[in-house]
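Peer 1: Numbering (my numbering), first residue to last: 1 to 305.
If you are wondering where the hints come from, they were derived from the structure by calculation, not from laboratory data.
Treat each hint with caution, since some may be false.
What the hints assert, rightly or not - Taking CB as the label site, the calculated pair distances span:
hint, residue 1, residue 2, range
1, R215, D275, 48 to 56 Å
2, L227, A142, 32 to 40 Å
3, D275, G247, 31 to 39 Å
4, D274, S97, 51 to 59 Å
5, A205, A59, 24 to 32 Å
In this text, a Cβ means the ideal position worked out from N, Cα and C, and glycines have one as well.
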Amino acid sequence: MSRPVIIDCDPGIDDALALLLAAGLPDITLMAVTTVAGNRPVDITARNARRILDLAGLAEVPVYAGAARPFGYPEARCNLVHGADGLGGVAIAQQSSIADGHAAIALARLLSEAPAGTIDLVAIGPLTNLALCEMLAPGSLARARHVLVMGGALRVPGNITPAAEFNFHADPTAARMVCEAGAQLLLFPLDVTSQAVMHPDWIAAFARAQTACARAAGAMLDAYALLDPLLHDACPVAWLERPDLFGAEDCHLQVDWRDGPSAGHVQAWFGERDDIPGALNVRALTTVDNDGLLALVADAIGRLP
Numbered sequence: 001m002s003r004p005v006i007i008d009c010d011p012g013i014d015d016a017l018a019l020l021l022a023a024g025l026p027d028i029t030l031m032a033v034t035t036v037a038g039n040r041p042v043d044i045t046a047r048n049a050r051r052i053l054d055l056a057g058l059a060e061v062p063v064y065a066g067a068a069r070p071f072g073y074p075e076a077r078c079n080l081v082h083g084a085d086g087l088g089g090v091a092i093a094q095q096s097s098i099a100d101g102h103a104a105i106a107l108a109r110l111l112s113e114a115p116a117g118t119i120d121l122v123a124i125g126p127l128t129n130l131a132l133c134e135m136l137a138p139g140s141l142a143r144a145r146h147v148l149v150m151g152g153a154l155r156v157p158g159n160i161t162p163a164a165e166f167n168f169h170a171d172p173t174a175a176r177m178v179c180e181a182g183a184q185l186l187l188f189p190l191d192v193t194s195q196a197v198m199h200p201d202w203i204a205a206f207a208r209a210q211t212a213c214a215r216a217a218g219a220m221l222d223a224y225a226l227l228d229p230l231l232h233d234a235c236p237v238a239w240l241e242r243p244d245l246f247g248a249e250d251c252h253l254q255v256d257w258r259d260g261p262s263a264g265h266v267q268a269w270f271g272e273r274d275d276i277p278g279a280l281n282v283r284a285l286t287t288v289d290n291d292g293l294l295a296l297v298a299d300a301i302g303r304l305p
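With the hints as extra help, turn the sequences into a complete structure.
Peer 2: Written out as structure tokens, the structure reads:
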């Protein structure tokens with residue numbers, strides 16, 4: 001049976017790859033895509049998500065723009081690792097319009113309308129939209145089948161500060177709120193995504209492909225892979241199709257939401273410890289079969305037009 005999925009993202013090249021992966025997986029039905037300020041400001045991330053879905057032939061999937069800045073900060077914490085346009089300067093036409101309404105309101109509505117435990121919510125950017133959704137309609141995130149989050153760093157250093165991974169650092173208050181919302185949370189931290197390494201020959205194969213989606217993927221990766229050759233955001237989408245590719249551990253997780261050098265830092269107590277300060281609230285993915293992941297992504301994108 002096809003699995004209904006919502007993706008909250010901040011495209012970004014790795015987000016674009018995750019969207020193409022979702023579009024190419026036959027067992028996934030994208031209900032909506034919501035966007036947040038992160039890799040680029042929210043008006044750009046919304047346009048980029050729309051462009052990628054249009055390229056993949058999914059003009060009917062709505063894209064909702066959401067939070068323009070995080071809790072407690074006057075501006076979004078963006079970066080330029082994906083280029084000024086967020087897609088490495090690769091020209092992809094936008095053919096459809098951004099949907100009316102705020103992403104957080106759309107998330108609350110979609111989760112309330114569907115039977116509980118039926119929608120998988122994948123979050124691969126800062127978690128502001130999810131936190132706003134939970135504030136608007138408490139208990140919304142717990143209605144999802146799973147909430148799959150790419151974020152945090154548990155046993156490894158951060159990638160934006162020594163203490164924190166980018167998505168959690170971009171909005172640490174939202175990260176804390178989502179992790180404590182009582183959802184069935186699957187966390188894909190840097191511990192696992194740092195194992196999802198893109199090889200040069202794997203990237204080069206996209207450039208030789210005959211389809212528009214594969215060629216666009218190759219062009220975007222040419223602009224990105226030298227800076228960060230990791231498939232961060234593809235991991236939670238891949239789990240939906242192939243959970244057997246991943247290993248996991250249960251833990252109690254807390255996020256430092258305070259401003260300062262430790263903002264976004266994750267403290268995790270794993271199940272084998274005796275001093276856990278609370279219930280196990282997160283299933284953290286810690287290993288991945290990288291060859292299997294690369295094969296899955298290449299095969300899925302190869303199915304697209």
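Peer 1: Evaluate each hint against the coordinates.
Peer 2: Quick rundown of the hints versus the structure:
1. R215 with D275: 48 to 56 Å: holds (52 Å)
2. L227 with A142: 32 to 40 Å: About 37 Å separates the Cβ atoms of L227 and A142, which means 32 to 40 Å holds.
3. D275 with G247: 31 to 39 Å: violated (24 Å)
4. D274 with S97: 51 to 59 Å: Taking Cβ atoms as reference, D274 and S97 lie about 55 Å apart, which means the hint holds.
5. A205 with A59: 24 to 32 Å: holds (27 Å)
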